[in-house]
Amino acid sequence: MRDTLTIAIVGSGGDGVVLLGSFLQKLTAEQGYFSQMPRYYGAQIRGGASAVKLSLDAEHTCVAEDTADILVCFDWGKYQEVTEELPLREDTLVIYDDNPPPGMNLPKQSFAVDFTKKSREITGATLSKNMIALGLLKKILALPADEVQHTIDRNEELALLKNNVAAIAAGESLFSAFPFPDLRLSSPRNRSPKVILHGSGTMVRAAIHANCRAFFGYPITPAADIMQAMQEEIGQRGGVFLQAEDEIAAAGLCVGASMVGVKSITATSGPGFDLMTEMIGLAASAEIPMVIIDVQRCGPSTGIPSKSEQSDLNQAIYGGHGDAPRVVIAPYDIEGCYRLVIASLDIAQYFQTPVILLSDQWLGQTLVAAESDFLEKDYPSTDSKKPAAEEGQPYRRYQLTEDSISPMAVVGDAGLQYQTTGLTHNEMGAPAWDFETQQKMHEKRWQKLLPLCQREDLVKLFGEPDCPAGIITWGSSAQIVRETVNALGLQHQVTVCVPELIYPLPDMVRKFVKSVEKLLIIEMNYSGQFYHYLRSQVDVPVKTKVYARAGSRPFSKKELSPLMMELVR
Amino acid sequence: MTSNLNYRTGVKPVWCPGCFDFSILNVLTRRVLPALGKPNDQVFIVSGIGCSSRIPGYIDTYGLNGLHGRGIVIAQGAKLAKPELTVIAIGGDGDFFSIGAGHLPHAVRRNINITCIMVNNFVYALTKGQTSPTTPHLDRGEGSFLSQKFYPPVDPVLDMLSYSVSTQASFIAQGLASDAAHLTGLIEQGVRHNGFSFINVLTPCITFNPPELFETIKKNASYLVEGQPVELPASATEKPWVHDPGNISLAMKLAQFSVLEKTHLGILFHGKESQPPATPSGQ
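For the protein sequence lines, the chains are S and Y, in the order given.
Note that my numbering numbers the first sequence so that position 546 is 546, with each residue one more than the last.
Each number in my numbering comes from the position in the second sequence (counting from 1) with 569 added on.
Worth flagging that the hints you see were computed from the coordinates, not collected in a lab.
Hints may be right or wrong, so weigh each one.
Here are some chain Y residues pointing at chain S (derived, C-beta under 8 Å) [unchecked claim]: (1) Gly606; (2) Asn609; (3) Gly626; (4) Tyr631; (5) Leu633; (6) Asn634; (7) Leu636; (8) Leu654.
Beta carbons are placed, not taken as given, at the ideal position from N, Cα and C, and that holds for glycine.
All chains should be built: construct the whole structure from the sequences, respecting the hints.
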C-alpha cells in the first residue's frame with residue numbers, strides 16, 4: 001500500500017486526455033483523495049500534444065510528482081513532445097495504444113492495449129478510447145464500485161460516463177486480477193469529498209464572493225479561462241461583463257466602472273499586461289481602485305503562451321513612466337488565489353490604488369483537489385474612507401490627511417462632484433504645475449501604501465523559525481520548493497519565506513532576510529527579477545545564492561534537491 | 570442630488586484668448602446642461618488629452634481628464650456600471666481618429682448610451698501645430714503643415730463623418746463651434762438619444778489653422794433641415810434630395826462630400842435607439 005500515486009496520460013489533442021484526467025480526478029476526489037493535475041499542451045488547438053499528470057495523495061494536499069508511476073499513452077509521437085514534463089522511470093507501468101518508435105526503450109512493465117481497436121469494436125468509433133482507459137485506471141485504483149456509481153449518478157459533469165458503460169467495462173476487464181500490487185493506493189485518510197479547482201477558477205469565485213460586479217477583458221492565453229468564467233458568473237448576477245476591443249480598452253473600462261463605485265477586475269497575460277501600463281499610471285495618479293490579474297506565461301514578446309514563467313515581476317513593480325506606485329501581490333497556491341483576490345479588491349478600494357495580482361499558467365490552469373474550507377471562511381474587509389458632510393466646504397477629492405488616504409466619493413454621489421485628471425493636481429483635483437504640489441502628491445501616493453508593509457498575514461513562513469539557512473521564493477514556485485524541503489526532511493534546518501505581498505516589501509521579509517546567514521532565492525525567470533528587487537530593498541547576506549532560470553519546464557524535486565542540500569551543508 | 574444650475578468651476582481655462590473651445594464650454598455649461606436639467610452630480614464628463622480635453626476641469630459635474638484617446642472607453646465603463654448617469658466623452662480629432670481610433674467602431678457597435686463630442690480643429694494644437702488625421706492638405710501661409718512636408722497625404726483627410734456613418738453610429742451630427750444656438754440643439758438631442766451619439770464639432774483653432782480653412786467652411790456651410798432639400802456642392806452630379814435623417818444611405822452621400830466643398834451642419838443620421846440597459850445589482 002502506498003500513499004501517493006502519479007498517473008500520466010498523453011495523446012493528441014482530441015484524444016480526450018484532459019477529459020480522462022478530469023474524470024479520474026473527480027472520481028478520486030469524491031472518495032477523499034487529494035490531487036494535483038497540471039496540463040501540458042502545445043500551440044495547436046487540435047492535433048498537438050495534450051498531456052496531464054495526476055498525482056494522487058491519500059493524506060494531504062500534494063504537488064505533482066517529478067515522474068509518473070503509470071503512463072497511459074495514446075500516441076508515442078505526441079509523447080516525444082512532452083518527455084521533459086513526463087519522464088519515465090524504470091519501474092513505471094506503461095500502457096500504450098500504438099507501437100513505440102523504433103529504438104525506444106520501454107520500461108519492463110509495458111503493455112500494449114489496442115485502445116483504438118477496442119473502441120471501434122465496442123462503439124464503432126475511436127472516440128471511446130479514453131473511456132476504456134478510464135475503466136482500466138479505475139480498476140488499478142480499486143475505487144469501490146457502488147460508491148463510484150453513486151458519484152456518477154449524482155454528478156451532472158460525469159453524465160458522459162453513463163453513456164459509456166460498455167467502454168468502461170471493457171477497460172475494467174482488460175486485466176482479470178490486480179497484477180500490480182506495488183501500485184495499490186491506500187484508502188484516503190479523510191473521506192470527505194475534495195473540491196476540484198484551478199487557480200483561475202478560484203480567482204473568479206473569490207471575485208464574485210468579494211462583490212466584484214464588473215469584468216472587462218480581451219482573450220489571451222492563458223488568462224482567457226478567467227474571462228470565460230467571469231462571463232457566466234457576472235452575467236448570472238446582473239453585473240457588467242464586456243469583451244473589450246483590446247487590453248487598453250479593458251483596463252479603461254475597469255477605470256470607468258471603478259470610478260462609479262462598482263468593483264471591477266480585468267485579467268490578462270504578458271502582452272496584454274504591457275498594453276495596460278498607461279492606464280495603471282492614470283489609476284495611480286488619480287487614485288482610482290483597480291485590480292489587474294496577470295496570468296504570467298513565457299516571454300518576452302509572444303514567448304510560449306501555454307507555458308509558465310515568472311518573468312512579469314519587473315513590469316508589475318516598475319512598469320510605466322513617472323513614479324507610479326502600485327501594489328503587487330502573488331498567490332502561490334489555490335487557497336491564496338481565493339484569499340488574495342478578496343484582499344486585492346479590498347486593498348485597491350481602501351488605498352485607492354491599482355493592485356496587480358500575479359498568477360501564472362501553472363497556478364492558473366493546474367487542477368487541484370483540495371479541502372474546501374477556505375471557500376466558506378469569512379474574510380475581513382476594510383471600510384473605505386467616505387467623505388463626511390462638511391457644511392459650506394467644497395469636497396476635496398485629494399485632501400491631504402495624516403495617513404495620506406483621502407475620503408473618496410464615487411461618481412454619482414450626491415453633491416460631491418469633483419473633477420480629476422492624470423495631470424498633476426491639487427487637493428481639489430485641479431491641474432497644478434508647481435514643485436510644492438508635485439512633491440506633496442508624490443509623497444501622498446507613495447506613503448499611503450506604507451502601512452501595507454506591516455501586513456504579517458501576507459507573508460508565509462514555513463519550517464522552524466530562526467534557522468540560519470533560509471529560502472525565499474514566490475508565486476507557484478513556492479509549492480515545489482516547500483515540497484522539496486519536506487521530501488528532504490529539511491523542515492528543521494531551513495525556513496522558507498513566501499511573500500504574497502511583494503510590493504511594497506513587507507517588513508517581515510526584511511526581518512527574515514536579516515535573520516539568516518545563508519539565503520537561497522528560487523524563481524522561474526532568467527534574470528532573477530525578484531532577487532534584484534529584493535537587493536534594492538534590503539541588504540542580503542554575503543552567502544546568498546540565486547537559482548533563477550527560464551520557464552516552460554516546471555521545477556522538479558530532482559532539480560531543486562541539490563541546491564537545498566548545498567544550503568544546509 | 571443637487572443642482573445649482575451653475576455648471577462652471579472656478580478653474581481658469583488654459584486656452585488661448587479667443588479660442589473656440591470657450592464657445593463649446595459655454596454651450597455645455599450655459600445651455601445644454603441647464604436645458605437637460607441634470608443635477609451636477611448625475612453627469613460624468615470624461616475626456617482624452619489635448620486643448621479641448623481640458624474641459625472636464627471647468628465644468629462642475631463629475632469629470633475626468635484621462636488618457637489620450639481613451640476617454641471613450643472610460644466613459645463606456647462608467648455608463649455600463651451606472652446606467653442612470655449621463656456620460657459624455659469629449660476629445661479632439663487626435664483622440665477619436667488617431668490614437669483612439671480603434672475604440673470608436675466598438676463603441677458604435679455596442680450602441681452604449683454615451684455622447685461623444687469630437688472637438689475637431691483639424692490640428693494638434695497643444696503640441697503646437699502638427700497635422701492630425703483630419704488636417705486638410707493646405708498651405709498655412711508659411712508653408713505646408715510640418716508633418717505633410719515630406720509625405721503629403723494622398724487622401725486629404727480621414728473623413729470622420731463618413732467613418733461614423735459607415736460604422737452606422739446611431740446618432741451622427743455635425744455642428745460649428747461658432748454657432749452656439751445650433752450646436753446646443755445637436756448636443757442636447759445627442760444626449761437625449763438613447764444610444765451612442767457622435768457629434769463632430771468643427772472648431773477653429775485661432776493659433777494654428779490657416780485662416781482660409783474656416784473661411785471656406787463657413788462659406789460652404791449649409792444647415793440640414795428634415796423635410797427640406799439638401800444643398801449640394803457645385804461639383805455634385807445629382808439633384809438635391811429631401812433630407813431624411815432616418816436614411817443611412819442618404820447620410821452616407823452627405824458625409825462623402827468634402828467638408829471644404831460643402832459643410833453639412835445638423836443631424837445627418839438618427840437611427841436605432843438601444844434597449845434600456847439592465848442595472849447591475851449587488852453594488
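The hints, checked one at a time:
no.	hint	in the structure
1	Gly606	violated (16 Å)
2	Asn609	holds (5 Å)
3	Gly626	holds (5 Å)
4	Tyr631	holds (4 Å)
5	Leu633	holds (6 Å)
6	Asn634	holds (4 Å)
7	Leu636	holds (5 Å)
8	Leu654	holds (6 Å)
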